[in-house]
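Chains H and X, in that order, give the protein sequences.
Heads up: the first sequence begins at 1 in the working numbering, then just goes up one per residue.
Heads up: the second sequence begins at 1001 in the working numbering, then just goes up one per residue.
Just so you know, the hints here were simulated from the structure itself, not pulled from any lab data.
Quick reminder that beta carbons are idealized off the backbone N, C-alpha and C, glycines included.
Possibly wrong hints are sitting among the right ones.
Unchecked claim - Using C-beta positions, here's what the derived DEER-type ranges look like:
id, chain 1, residue 1, chain 2, residue 2, range
1, H, E15, X, S1069, 22 to 28 Å
2, H, T55, X, K1014, 49 to 55 Å
3, X, R1110, H, R77, 30 to 36 Å
4, X, F1010, H, T55, 39 to 45 Å
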Amino acid sequence: AQSVTQPDIHITVSEGASLELRCNYSYGATPYLFWYVQSPGQGLQLLLKYFSGDTLVQGIKGFEAEFKRSQSSFNLRKPSVHWSDAAEYFCAVATGNQFYFGTGTSLTVIP
Amino acid sequence: NAGVTQTPKFQVLKTGQSMTLQCAQDMNHEYMSWYRQDPGMGLRLIHYSVGAGITDQGEVPNGYNVSRSTTEDFPLRLLSAAPSQTSVYFCASSYQRGGNSPLHFGNGTRLTVT
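In isolation and in its complexed conformation, chain H is listed as follows (with noise of 0.2 Å):
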């Protein structure tokens, strides 16, 4: 069955430090991988996705991701983080007509 895993439960960084959120999935062919952001009480926003093609892909918020056939993983990265970015983090996995989500990287960001 198909899986995804994201290590890190929560990540404190001080504003302005470099980002990176982990994730990993399991999977035979290459899926197609997502990642979304979640705040307080709201529904998940597509951060990017990935397809096909160039494998490192530029999201909104500055936000890029690297996916990495050899580790199958697709990690989550930001030069500078904000303290707008203070959120929950999700990995997503679609095959077929399902899609399967990590269980998420809670960020605090320290001023």
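Since the structure of chain H is provided, determine the placement of chain X on it from the hints.
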């Protein structure tokens, strides 16, 4: 466009009661789905639909029913509410089936079963 609209935003039920969570989208999306979000467990798929008249089960379908009579609407029915169904429920839609179209989410319904 309103996007994906869920009602109600909050609901409290007693054990054994039934209710319907409403979901509507105005983007002419083919694919619609329901998730529940529980602490430490991420989002788990309950049911999904790839078009009007077509539904299928996800990871955690027990205790829930769905139907898709129109492209726009995809209600989720709780037949006999149980405390284990206390959760936040999200409806999501995408332009087409197959996973190569991202999901658009509603703002959720927070359900408490006492």
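Structure-inconsistent hints, enumerated in ascending order: Of the numbered hints, just 1 does not hold.
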